[in-house]
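Chains as they are written, first to last, in this note's numbering: chain A, 1 to 308; chain B, 1 to 132.
Among the hints, a few may not be true.
From chain B, some residues computed to sit far from chain A (all C-beta separations above 12 Å) [what the hints assert, rightly or not]:
(1) ALA25
(2) THR70
(3) PHE102
Covered by chain A, per the in silico footprint, the following chain B stretches (three or more residues, Cβ under 8 Å) [what the hints assert, rightly or not]:
(4) 50-64
(5) 106-118
Worth flagging that the hints you see were computed from the coordinates, not collected in a lab.
Small disclaimer: the values here were computed from a predicted structure and weren't measured.
Cβ atoms here follow ideal geometry from the backbone N, Cα and C, with glycine treated the same way.
So the chains spell out like this:
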Amino acid sequence: MDLAERLLQGDKRAVARLISMAENHDPEAVEILKSLFSKTGKAHVIGITGPPGAGKSTLTDKLAKAIRKEGKTVGIIAVDPTSPFTGGSILGDRVRMNDLSTDPGVFIRSMGTRGHLGGLSKATQAAVKILDIYGVDYIFIETVGVGQSEVDIAKNADTTLMVMVPGLGDDIQAIKAGIMEIGDVFAVNKADRDGAKRTAREIDMMLDFNHSDWRPPVQMVIAVDNEGIDELLGHLKDHKKHMEDTGKLQQRRTLNSRLEIIDLVQENLMRMILDKSKKEEMINQLAVDVAVRKTDPYTASESILKEI
Amino acid sequence: MDRPIRVLVAKPGLDGHDRGAKVIARALRDAGMEVIYTGLRQTPEQIVSATIQEDVDVVAMSILSGAHNTLLPKVVELLKVENVDDVLVIGGGVIPDDDIPFLKEKGIAEIFTPGTPTSVTIDYIRANLKRK
Ligand SMILES: Nc1nc2c(ncn2[C@@H]2O[C@H](COP(=O)(O)OP(=O)(O)OP(=O)(O)O)[C@@H](O)[C@H]2O)c(=O)[nH]1
Ligand SMILES: [Mg+2]
Numbered sequence: 001m002d003l004a005e006r007l008l009q010g011d012k013r014a015v016a017r018l019i020s021m022a023e024n025h026d027p028e029a030v031e032i033l034k035s036l037f038s039k040t041g042k043a044h045v046i047g048i049t050g051p052p053g054a055g056k057s058t059l060t061d062k063l064a065k066a067i068r069k070e071g072k073t074v075g076i077i078a079v080d081p082t083s084p085f086t087g088g089s090i091l092g093d094r095v096r097m098n099d100l101s102t103d104p105g106v107f108i109r110s111m112g113t114r115g116h117l118g119g120l121s122k123a124t125q126a127a128v129k130i131l132d133i134y135g136v137d138y139i140f141i142e143t144v145g146v147g148q149s150e151v152d153i154a155k156n157a158d159t160t161l162m163v164m165v166p167g168l169g170d171d172i173q174a175i176k177a178g179i180m181e182i183g184d185v186f187a188v189n190k191a192d193r194d195g196a197k198r199t200a201r202e203i204d205m206m207l208d209f210n211h212s213d214w215r216p217p218v219q220m221v222i223a224v225d226n227e228g229i230d231e232l233l234g235h236l237k238d239h240k241k242h243m244e245d246t247g248k249l250q251q252r253r254t255l256n257s258r259l260e261i262i263d264l265v266q267e268n269l270m271r272m273i274l275d276k277s278k279k280e281e282m283i284n285q286l287a288v289d290v291a292v293r294k295t296d297p298y299t300a301s302e303s304i305l306k307e308i
Numbered sequence: 001m002d003r004p005i006r007v008l009v010a011k012p013g014l015d016g017h018d019r020g021a022k023v024i025a026r027a028l029r030d031a032g033m034e035v036i037y038t039g040l041r042q043t044p045e046q047i048v049s050a051t052i053q054e055d056v057d058v059v060a061m062s063i064l065s066g067a068h069n070t071l072l073p074k075v076v077e078l079l080k081v082e083n084v085d086d087v088l089v090i091g092g093g094v095i096p097d098d099d100i101p102f103l104k105e106k107g108i109a110e111i112f113t114p115g116t117p118t119s120v121t122i123d124y125i126r127a128n129l130k131r132k
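All chains, please: the whole structure from these sequences, using the hints.
Structure (structure tokens):
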């Protein structure tokens, strides 16, 4: 049986192997995704983001358990940064989700960003599709909020959940700087700590400037104690329903598809330019030439483009 | 191989120390590997599920509790049941020399006892992967 068939039959090893192939730019993964793409679009894709240590993984664990109680299935993609220096990474989100490991209705995959600084890679988008084809009802994508990644996660999700914690201080400034528009639902986690109400109020106040017909709810939760989780899940579902009822889900998916197509064109173009080992050599030589002022970067880039 | 080696670092058994596991996790990361760190008190079943979902090349288990003779072979056995035959399984921690032949016979490829430089483990992994 080939991989595509095994995926359709719900074989977890096929899911896992296909995600690896997508991560490793194996062209066969793209061919399989082409043939099965029509089967995607069914899962509720939820992006979870927020500052480091806010409790995103703990919250994902609890939300997944609440979903499992309803008899639905879950896929989780936990993205952590790859070191730009060594190419290595420690992906530690599973630590908070160990009980889910052996649940047949849950599939968890950890991914390194592998060079996509702060952002979601094409491989993450592929992993979402693979889990969607596999047939889970919900897909969570966890990323650390470090600027660009929040924007990126919104490009890939139906619903974006922003996880905040009391006493953010500087982070509130970051929210003001534009991240506020990205959250569809806000969670103030660690509500067992001082200042949770105040943080919730501050977020809510900033949402006054939001003019869309969806007012993002702000839910206080204590992930470690499983408090506020059902309410939070309710908000996530409400958001999806609102998007469906107003036709906005289709709009958002259209916009996201547009961005994905453009990204793929860019990436394929880059590959066409850089993959040819000869051009790699040429670029290396040009880099030396530019550095010693033998030529300039403008002429150098033009001479590479002429080669295509 | 132009992809990072993926390694699951797990800590089976009931003892509460994961310093050794963290040291090796960091060393493997610094060697350019993708380390999936799963934390303390993993059951063999959890380790095997994670191995499959994460599609790792290597399972590295650190164990101090003394239960190595049951837990490590159990992981190998469950992997076999799942038809996973392309994953390198290694162990480390406080394991008496006398137990090592038994563990190897049970399918643990190599055991690294305390004091082994992390570079030895890294070289071993690179040289013994079962998958290209
Ligand atoms: N007091 C308190 N601690 C919590 C709560 N939720 C999570 N934590 C703790 O916060 C720490 C970080 O939790 P994670 O779930 O790993 O946070 P994260 O946002 O996924 O972290 P990164 O992925 O590393 O960015 C852990 O020690 C949790 O136990 C909560 O509601 N209250
Ligand atoms: Mg996390």
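Checked hints:
1. ALA25: The claim breaks: B:ALA25 does not keep its Cβ more than 12 Å from every Cβ of chain A (closest is about 5 Å).
2. THR70: holds, 18 Å
3. PHE102: holds, 27 Å
4. 50-64: holds (count 5)
5. 106-118: violated (count 0)
Checked against the numbered hints given earlier, the structure breaks hints 1 and 5 and satisfies all the rest.
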